[in-house]
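Engineer: One-letter residues, chain by chain:
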Amino acid sequence: MKKLRQFFTDTLNQITLGRKWLIIPMALAVLALAYFSYLSLAFSGTRCTWGQAQHGEVTDAQSDCYACHKKVTPKIAQDWNESKHGMLLVKCYVCHGLPDGKGAVPFSAKPDAKVACQRCHAPAIERMYTKFGVREGCNSCHGFHTNSLHHDAYAKSVSKQKAE
Amino acid sequence: MGCTRREFIKYSAAMAALTFLGYGCGRKEAEATPDTWVKGVCRFCGTGCGVMVGVRNGKVAMVKGDPNNHNKGMLCLKGALLASVINSPDRLTTPLIRKGGTLVKATWEEALDLTATRFKQTLEQFGPKAVAYYGSGQALTEESYLANKIFKAGLKSNNVDGNPRLCMASAVGGYVSTFGKDEPMGSYEDMDSANCFFIIGSNTSECHPILFRRLAARKQSDPSVKIIVVDPRLTNTARIADLHLPVVPGTDLALMNAMAHVIFNEELDDSKFHGKYVSFKAMVDGKPVEKSLEDYRTFLADYTPEKAAAICSVPAESIVQAAKLFANSSATMSLWCMGLNQRIQGVWANNLVHNLHLITGKICKPGSTSFSLTGQPNACGGVRDTGSLAHLLPGGRLIANQEHRNQMEEIWGLPKDSLNPAPGLFTTAMFAALGDTVRAMLVLCTNPAQSLPNVKKYTANLKKSTKFLAIIEAFADAETLKYADVVFPAAFWCEREGVYGSGERRYCLIEKAVASPGEARPSVNILLDLATRMGVDPKLIPFKNSADIWEEWREISAKSAYNFKGMTRERLRKTSGLLWPCPTEDHPGTKIRYSRGDDPMVPADHPDKYFFYGNPNGRANVWLRPHKPAAELPDAEYPFILTTGRVIDQWHTGTMTNKVPEIRKAFPAAFVEVNQEDAKRLGIANGDNVRLDTRRGSLVLSARVGEVCRPGLVFAPFYDAQKLVNELTVDAVDEASKQPEFKICAVRVSKA
Amino acid sequence: MAIASFIIHTTRQDLAGVKASLSQRRDATILPWESPPCLVAVIERPSKELERVEREFKATPGVLSVATAYLNIEDELGGEGAK
Amino acid sequence: MKRYEFELKRSSHAVDKDKKPITCEQCHIPRRAGIDYLVVKSYLGVRDLAVHFFGDTKDLDRRNMQLVARRFVSDDNCRQCHQDLMLTAKGKSISPEGKKAHEAWLGKDGKGRRTCAGCHSNMAHLPKFDRRYAVNAAFAAKLPPEGE
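Residue numbers (my numbering), protein chains in the order written: chain P, 1 to 164; chain S, 1001 to 1752; chain E, 2001 to 2083; chain U, 3001 to 3148.
No wet-lab data here; the hints were simulated from the structure.
Bear in mind that the values here come from a model prediction, so they are computed numbers and not experimental data.
Glycine included, C-beta positions come from ideal geometry on N, C-alpha and C.
Hints should not be assumed to be uniformly reliable.
What the hints assert, rightly or not - Computed Cβ-Cβ distance ranges for the label pairs, DEER-style:
no.	chain 1	residue 1	chain 2	residue 2	range
1	U	Ala3014	E	Asp2014	50 to 60 angstroms
2	E	Ala2059	P	Phe7	43 to 53 angstroms
3	S	Glu1511	U	Met3123	55 to 65 angstroms
4	P	Ala34	E	Asp2014	32 to 42 angstroms
5	U	Tyr3004	P	Glu57	33 to 43 angstroms
6	S	Gly1706	P	Asn139	26 to 36 angstroms
7	U	Pro3145	S	Arg1056	55 to 65 angstroms
8	S	Pro1626	U	Phe3129	51 to 61 angstroms
9	E	Thr2060	U	Ile3022	44 to 54 angstroms
10	E	Ala2020	S	Thr1117	51 to 61 angstroms
11	U	Leu3044	S	Asp1192	49 to 59 angstroms
12	S	Lys1574	P	Gly137	29 to 39 angstroms
Take these sequences, add in the hints, and give me the full structure.
Structural biologist: Structure representation (C-alpha cells):
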C-alpha cells in the first residue's frame, strides 16, 4: 500500500516538476470529472436498468403477455399493438422468449437482433449488409415497436419520417 | 434512490462485466448457426410458406423463411417456432398395439400383420363397403394419392374421405359448380395488384398471417386500396378494414345477394363480360335449369339493401357502400375461408362470391379473382387434386360418372367397369357407420376424435369393440390415440420427402432434412407394406418411395385439366414451388387460369379472351341462390350463437403447436369470448368461468370479455384437447358438399 | 478494500451448480447470465487477495474460464469511504 | 417553463391529497440532503441558467428531454406521498397486474425497473407525441387539442 502511495506522489511530482501551479487546474479537472461521472452514473441515462430487470413468476391465468403489459407498460404495449409487428400479431414471445427462460427462444428484454430478426427478415438483412455493410442491431432505424402500420393510417412509418 | 458509494462502485463493476457479456452474446449465437439449410414448406396452414430448415449435427436447429418462395422469407410466429415441434420428445417411436385396453409397444411385423389380417377378414366377411380410409390435408400428395389408389383401385372401396371434408368441401363445391373445375383461378400475386379486398368469413390475420401481411403491405403502399371485412367478430383482420360489416352469423347469403342487387341497380355490372362469359342457372326440383339475366334480376329484386340489412343487422348504407367499393375498384380480390365453408349453405355462399366477380367482370385478371383460402398445408394439392374424397377420382373426376371411371380404369390398367360405381361415405357418415357397417378404418395424419363436429356422438362409435382402428401418427398425445387398436409411428414433416400443394395451386417439395426418431417410418412405406400384406395387386403399387409415386401421379395429371406434367422432381428440387397447370418442363407455371395467353389449357388461338373450359358451354355459371338460415338458430332456450375457430398461436387440434413452450404458455386452455354488453347482463367478468350448454353437451371455459364478438355471439377456439369445444358443435351438413356447420350453433351462456 | 468484477464462463448444464457454489461466498454478488452461459461475480476483497480469489473461481467445478472485467482500488489509496 | 406549469396544473399531480399544490422541486430535486442533492441542484441550476441566457427556450426537443428529465425524478420523492405500493393514491386496492409489477419493484417476485418514473411516465407532463397513448387519454382531454 505504501509503495503505491509513493508511486502516486512520485508520478505527480514528476509531472508538476517546477510547475506547481499546474496542480490547481489538474485538481479542478479531476474534481469536475468526478462530479460529472457521479452525475451520469448515479442518475444514468433513461434509468431503465434492463440488465438487472428480472421477470417474476407467471401463472397460466396471466399467460397473455399483452393483457398484463397493456397495464404495466402501457406505452410499450400500445406501441407494439399499433406497430406492424402488433398488427401482424408477431407476439412478444417470438422475439423476447418466455419469462421463465424455458422456451425455445432465449428470454431477453432486449433480444439479439442478429438472431431474432433473422428468422423472418433474413433476405432484408442480407440486402442491408450488401448495401451498407455491417451495422449494429436493426432497432436504431427500424423500431421493433414503432414501425407503424396503423397509427399513421398506413402513411409513412415513423422510421421513414425520422430519416427525412 | 438510496445507494451508498460502495454499492455504486459495485454496480459499476457489475455493469462493466455485463457490457462485455453483451458483446459475447453475438459471437456465441453466431457459432450456433446451422451447417446446412434444406428447403421445405411450413407444416402448418394452407398458405404454404417456403421455409429453410437449418440442420446442425443431424437435428433441426432453426427454421427461417425461404426468400425465393411467395412468402419472401417471412414466417408467422408458428412457422418461426417450428423447430421445437420437430424436436419434441413427445414423439411416437415404435408401433403400438392395444392389448387389454392399453396400447403396448409392438414390433413392425406384429402391427402390420395384425392390421392387414383385420382388414382382410373384414373384406372377406362384409365386403369392400366395410373398410374405410380417413385421410388428411396434412398428408403428402404422394401419401394421399397412394392411399386413394390402394382403397379405390386395390380394395374396390370408395370409403376414402379425409378431413378436407371438414374444411374445403364447400369451396370445392363452389368452384366446381361455378367454373366446372376445382381450385382458384388466381394466385397470391393478385394481392399485389388488387385495389379492393373483400374478405368474408375469414380471419386472415390469425389464420393466414403471411397473406395478411402481404395485403397489409399492399394497403400501406397505396392508401387508395380499400378493404371490406365481413365478419361477426371484430377480429384483428377487421383492424385494417375500411368497412367492417359485423353481420349476424349465417346471413351472408342475403348480404351478397343484396350487393349483387345494388351492383345491377347502380349499373356497376360489366354487361360485356357477363353477356359473353356467363350463363345463369338455378336449381329447380334438384336439377340445374338455364335462366336468363332477366330472371336473375327478378330474383335479386327481392334482396333490397334494406331487406338484407334487417336480416344481417348491419346498416343498409354499409351494404350499398360495400357493393360500390367492390364494383368500382379497378381490381377486386375476394378472400374467404371457414366462415363460408363450414356452413350448411357453404356451397351456395361460395357461389355467391363467384357471382359478384362474374357480374362485375372482376375475374381472371391481375388482381381480380375470387380466392378461397385453405386451412391445411396440403388439402389442395394432396386431397382435392388427387381426388382422395368419397365422391372423387384423381384429376377432378367423379365416381358417379361412368366415363370418368372408365378413364381411370384405363390409366390404372384395370379391367373396364371394375371400379366401384357407388360413391363412398363422406366423413360424418363414415364415422356414424363405424362399428356398424364400417368395421375397419385406417386414419392417416389427422386427429378426428377432436376435430369432428358433435364429437361425442362419433367417439361413442370409436369406442365400439366391433370396429378396428389403425392410425398412422407422429405424436403420442393425439386425442384419437385413445381409441386406436394399432398405432404406426410416422416420420414427420422434413423427416421424409414429398410434395405439398398450397392454396394457390403451388406445388413445392419438402426435402428430407433429418432422420426420423426411433423406428418411425415414412407413411408412404407404411401404406405400401400394409397394401402388400392386404393382398393388393403388386402391379398397382410398383413403388419404392414417394418419388416413384410422384412420377406416376405427374403422368396421370397430364390427362386432366390439373396438368403438371412439367413439374419433375428435379425441377421441384431446384425451384421453390411451381403453380399448375404446368404441362411441359419449360413451362413457368400458371398465374391466371381460364385466360388466353396465361393458361396453357386455353388454346392460343381460342376466339375469346376467357374460356371456362370446365363447363361444357365454356361459360361460368352464375347461380340464383336464395338466402337460407343456419341449421340451428338461437331460441329462447339457447339464445346465443356459438362460433368456433382458431387463434394465431395454436393450429387446429394443437398436437403440434402445444409442443412449443411459448405457444403452450400463451394459450394454455381454451376460452370463450363474450361481448361486453352480454357479459354485463349476465354478470360475467373477465376471467370468470362461463358455462356453455348446447343440445349436445356443455363445457366450462374462462371468459374473455370484450368487443370482439357482436352481441349475441360467443366464440371459442377448438385447439384444447382438455376442453373439446367440438362436443358442442352441430353436425348438420351441407347438402351438396357434406361439410358440417361448425360455425353456427345455438348455445346457452351462464356464469359457472 | 478493492472491488472487482469477474466474468465466469461455464456450460449451460453447470450454470445452476456453479451459481449455487459461488453464492455461498460472503464476499461475492453473483449475477447469472443465460446466453452465453456465464456468471458475473462482483467481489469485495483487499486487492492482494484478488489473485487468490480468481484461482478459487477457476478451481470451482464446472467453471471453464475466468476473466476480470473491472477493478477499483481507490479506497485502498485513501483508506476512507469504506462503509 | 410556462408550458410545464400549464400541464402540471391539469395533471393528476396538480395537488396532493391535502389539496396543496405540488411544486416542481418536490419531484425533480432529490429530497434528502447530501451528495445527491448537491450534485443535482448545482447541475440543474447551472444548466437552467445556461439555457436561459444562451439557449432557445422555444425550441425544446421534448422527446430527448423526457429521457433526461426522468433521471432526476428520484423514487424517494415519489414515496414521500405514495407510501403503500399496494394502494392507489385514493386508498383503493390496485389492479392485480399493478401488484405484480410493484412486487417486482420491491424485489419480492422478480426485479423490476429501477425507478418509479421508468414505468409511470406522463404523471405531470404530457408532450404532444405521448397524447395518443390510451393510458394518457384522461390527461390529454384536459389539455388544449392543438399547441404543445
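Engineer: For every hint, state whether the structure bears it out.
Structural biologist: Here's how the hints hold up against the structure:
1. Checked against the hint of 50 to 60 angstroms, the C-beta distance between U/Ala3014 and E/Asp2014 comes to roughly 56 angstroms, which is consistent with it.
2. The hinted window of 43 to 53 angstroms between E/Ala2059 and P/Phe7 is violated, with their beta carbons roughly 32 angstroms apart.
3. At about 57 angstroms, the CB distance of S/Glu1511 to U/Met3123 agrees with the hint of 55 to 65 angstroms.
4. A C-beta distance of roughly 41 angstroms is found between P/Ala34 and E/Asp2014, which places it inside the suggested range of 32 to 42 angstroms.
5. Range check, U/Tyr3004 to P/Glu57: Cβ separation about 40 angstroms, and the 33 to 43 angstroms hint holds.
6. Range check, S/Gly1706 to P/Asn139: Cβ separation about 31 angstroms, and the 26 to 36 angstroms hint holds.
7. Our hint of 55 to 65 angstroms for U/Pro3145 and S/Arg1056 holds, since their Cβ atoms are close to 57 angstroms apart.
8. Checked against the hint of 51 to 61 angstroms, the C-beta distance between S/Pro1626 and U/Phe3129 comes to roughly 54 angstroms, which is consistent with it.
9. Taking the beta carbon of each, E/Thr2060 and U/Ile3022 are about 53 angstroms apart, inside 44 to 54 angstroms as hinted.
10. Our hint of 51 to 61 angstroms for E/Ala2020 and S/Thr1117 holds, since their Cβ atoms are close to 58 angstroms apart.
11. Separated by about 55 angstroms at the C-beta atoms, U/Leu3044 and S/Asp1192 satisfy the suggested range of 49 to 59 angstroms.
12. At roughly 35 angstroms, the beta carbons of S/Lys1574 and P/Gly137 sit within the given window of 29 to 39 angstroms.
Going down the numbered hints, you'll see the structure goes against just number 2.
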